[in-house]
Amino acid sequence: MSDYIDEDFIEFSGFLEEFTSIDQYMEANFEQQTLAMQVEKIRTETPCQLNVEVDDSGTVKIGSIPPMYYVETSFMPVFHNIKINFELVENK
Amino acid sequence: MATANRSWNLESFLDSLIVELDKARETLAIKAINKPLTYAVKDVNLEMQLFPSFDGDNVSFITAQPGQEGASKIAIQLGSITDQQIRKTTKEPTTTQDVSIDLIDEIDTDTKNTLRKIGVTSVNDLDKIQKKNVDLLKASNKKVDYGKLANLLNKARRTENPPRVGRVNFNISRSASTIDVEGDNLIFDKKYKPVAVFNGEMVDFTSATKSNLKIQIDSDKVKDKDNELIVISDPFTLFKMKLDN
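If you read the protein sequences in the order shown, they are chains A and B.
Heads up: the first sequence begins at 1 in the UniProt record's numbering, then just goes up one per residue.
Heads up: the second sequence begins at 1 in the UniProt record's numbering, then just goes up one per residue.
Just chain A, with the same shape it has in the complex (with noise of 0.2 Å):
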């Protein structure tokens, strides 16, 4: 449970992870054939909103989330970048 006083936004590092959760082989069958795929490298490019929250001692917490409406209105929210690369790691 997030304690930001703003709930819509979420840990940063949770934005980090929801960005992995993905399946790791895409299938496709063909006749008596299964073909796998697997990603390999991510590399993604978002605006997104941050929540910078300060507390008395200085600490920072960051709170983010992408772009959550998509209509045009007279106050924009201001829109950071991010641009991350996910790479695919071999546990051995």
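Derived by calculation from the structure, the hints in this document are not laboratory data.
C-beta atoms are modelled at their ideal positions from N, C-alpha and C, and glycine is treated no differently.
Be aware that a few hints might be false.
[Said to hold, decoys possible] According to the in silico footprint, chain B covers these stretches of chain A (three or more CB under 8 Å from chain B):
hint, stretch
1, 53–59
2, 64–77
[Said to hold, decoys possible] Stretch-level coverage of chain B by chain A, calculated; a stretch enters the list once three of its residues show a Cβ under 8 Å from a Cβ in chain A:
hint, stretch
3, 5–18
4, 57–65
5, 208–219
[Unchecked claim] Just a sample of chain A residues kept apart from chain B, beta carbon distances all over 12 Å, derived:
hint, residue
6, 18
7, 28
8, 31
9, 42
Since the structure of chain A is provided, determine the placement of chain B on it from the hints.
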């Protein structure tokens, strides 16, 4: 309580960002236990819209809010780094024998900031600088005087490592009588010559180490009860013992 839209400094922000990255890595490592293949975060590049401000000493940032224009852009790139690289490029952490200058109340914040700017964060750092004959007064733009500071720091270091007396023995013989004191941190800085007073008279040391003191005494001066031994091991430490023979 944490509050949004307050200014923060870059160090706290990066600390938090790195903690979040570590958390993500830990989760992925747990996932790796059951899955032969997982994804690792190779690098992260975060580009933010911010307003920086400078109060004369520190730069702080505030995240741009909806409707605000003209924000500066700052990009933080975090790449993966190996433990070897970390060891090569960072200072060793402060050891138990050392004292971080942050913990010394007698040093004012201005002096602490000046020292940090020239890379001094602990008492050992300051010793290294002195050994290389660096003129601290010049290096810090006449803000920090070594002599004054060294005393404060040595005192703090001694307070962190107080003397501990374990066992005291009288060795009385006709030729030479001694008192043996065993313990820890009895002598802390070899720069200073220790002084001992036994029953009101100055006495000499046969040997003085961190864990053991051998003090020469006159056997005639030893009383059955309430012998007083005072040891001054450095300008900041005096310990007094009441001893029964």
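Hints violated by the structure (listed by number, smallest first): Violated hints (numbers, rising): 5, 6, 9; every other hint is consistent with the structure.
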